[in-house]
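Visitor: Residues per chain, in single letters:
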Amino acid sequence: MTASVSAQTISTPTVDIDALRAQFPTLHQEVHGHPLVYLDNAATTQKPRAVIDAISHYYEHDNANVHRGVHSLSERATQRMENVRNTVQRFINAPAPEQIIFTRGTTDSINLIAHGFARAFLKPGDEVLITGMEHHANIVPWQQACELSGATLLHAAILDNGELDLDDFQRKLSSRTRIAAFTHVSNALGTINPIEKLIGWARAVGAAVLIDGAQAIAHAPVDVQKLDCDFYVFSGHKLYGPTGTGVLYGKREWLDKLPVYQTGGDMIREVRLEGSTFAGIPHKFEAGTPHIAGIIGLGAAIDFLHAQPWAALIEHEQQLLAHATKLARNIPGLQIIGEAAHKACVLSFTLENVHPHDIGTFLDFEGVAVRAGHHCAMPVMHRFDVPATARASFAIYNTFDEVEKFINAVESVRKTFA
Amino acid sequence: MNPDLRGLYQEMILDHGRRPRHFGAPAQFTHKLDAFNPLCGDRLTLYATIENGEVKNAQFDGKGCAISVASASMMCEEVEGKSCDHAEQLFHRFHQLVTGKQEAGDIGRLEVLAGVKDFPARVKCATLAWHTLEHMLKGDREAVSTE
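Protein chains in written order, with my numbering: chain L, 1 to 418; chain Z, 1001 to 1147.
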């Protein structure tokens, strides 16, 4: 079999993956009689014990509502949650904690911004520029915003290798562009976009810039001040944190002038029946009781990651991708979708005469969890003229042995359907 | 192959998946309906000639997984030459078969698709063509979605 290349030759001695894996309870189980090989990390990552414990600890010891009680538990809950704002601030090097808005996730963050732009900053004749490789979460909110405001939505094309067509991106930027919203890393192709360049070009025409960092945040350090983007958004659950948590970073000037999104408790200064005034940032964007336990869990996830040799683990992820890519190329009829020069650890592929859903079901019976489908990126599927792809996506805790189990399972699917 | 997996991918299903019967757009038809499974992006078009309460011809076109293609292929074979009432009854029994909600009764060789009931994520694959047929028999002209 093609996967017989020895994993020992490409081991990464600087990191102890077994010790790391020991901290993730979900990884240690069997699926259909095989040890779980979890390769659906672009959908969501597993959670380390530290995150699970932080959430339990909150519910067992500190559970109270935040920002309103004078009693000890409420003060403690508030303190723990607000500490996470500082943790996130440091994590992405934001200038101040109040520029970190807690949301339900990337989708929620983008909707907040698109809604605000539709209400206050977009008008007929204006343009919004996205790319053809966006997740639906960075397409549909802008379609809605343009529908509401009369602005026009443009998108930059993708090249055959899965990279963004930079010329097309530049061509579609103009003085009419109010905001350019694009992904840092494509969830369906793995492409890492040259966002520094894109941000520079967009800023040069006076456009605001939103980066969808959902797929990037767990795989490389992000410095929002160095990037000089106006908004950077991501989800907690793709960063080894809980689902239902997300972050919106914004430049202060934007957060101050962006209209409120959801309204209600906790986001007001004063409410009279005749009208209300709103709190300042960050609270003006955080209506209602937040996902306190989740946010505390997110803080634990970032602390967890900081305690690891992250640089070495990023290198490890890249080696997993390189190994998987090399072995996948030897499988007859396998086509890799997305072969950008710079890729995050996502391997999207099709297999001749086998539908991705059948691949997904077969692999599950070998204990291998992959995603099969359109990955909430239907325009990418249309661009490459496939109904769907199968996608293996790696994380810090995956091993070379798992890569080979995955490849062997794909090879066995191919033989079954041949 | 794992026996549970073999329950889903029986030889007849693999065969129909590889070499679907009644495949491709016919030169003539009285009915045509598109179907879409938004979960996976699969598309299917069902063509039929329905006259005097009888399905005289049924064919399909499109792309899908082995389960959806085999199910469409076998469905076209089963309903061709049958009355619309019979086809309608078959739809309901097939639906019961793959959702496992109640005994479907004798359903002939469609029984090979019974394994689908143990794979909730794949039920929509097996029923896409059948939902399309049912909508067609009811006279719907709007594209069918499994959602």
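Treat the hints with care, since some could be wrong.
[To be verified] Cross-link-like lysine to aspartate or glutamate pairs, in silico, DMTMM-like; alpha carbons within 20 Å at most:
| no. | chain 1 | residue 1 | chain 2 | residue 2 |
| --- | --- | --- | --- | --- |
| 1 | Z | LYS1063 | L | ASP385 |
| 2 | L | LYS415 | Z | GLU1011 |
| 3 | Z | LYS1117 | L | ASP364 |
| 4 | Z | LYS1063 | L | ASP168 |
Just so you know, these hints were derived from the structure itself, not from any lab.
Visitor: The structure should be examined with respect to each hint, and the outcome stated for every one.
Guide: Here is how each hint holds up against the structure:
no., hint, result
1, LYS1063/Z - ASP385/L, "11 Å, holds"
2, LYS415/L - GLU1011/Z, "14 Å, holds"
3, LYS1117/Z - ASP364/L, "16 Å, holds"
4, LYS1063/Z - ASP168/L, "31 Å, violated"
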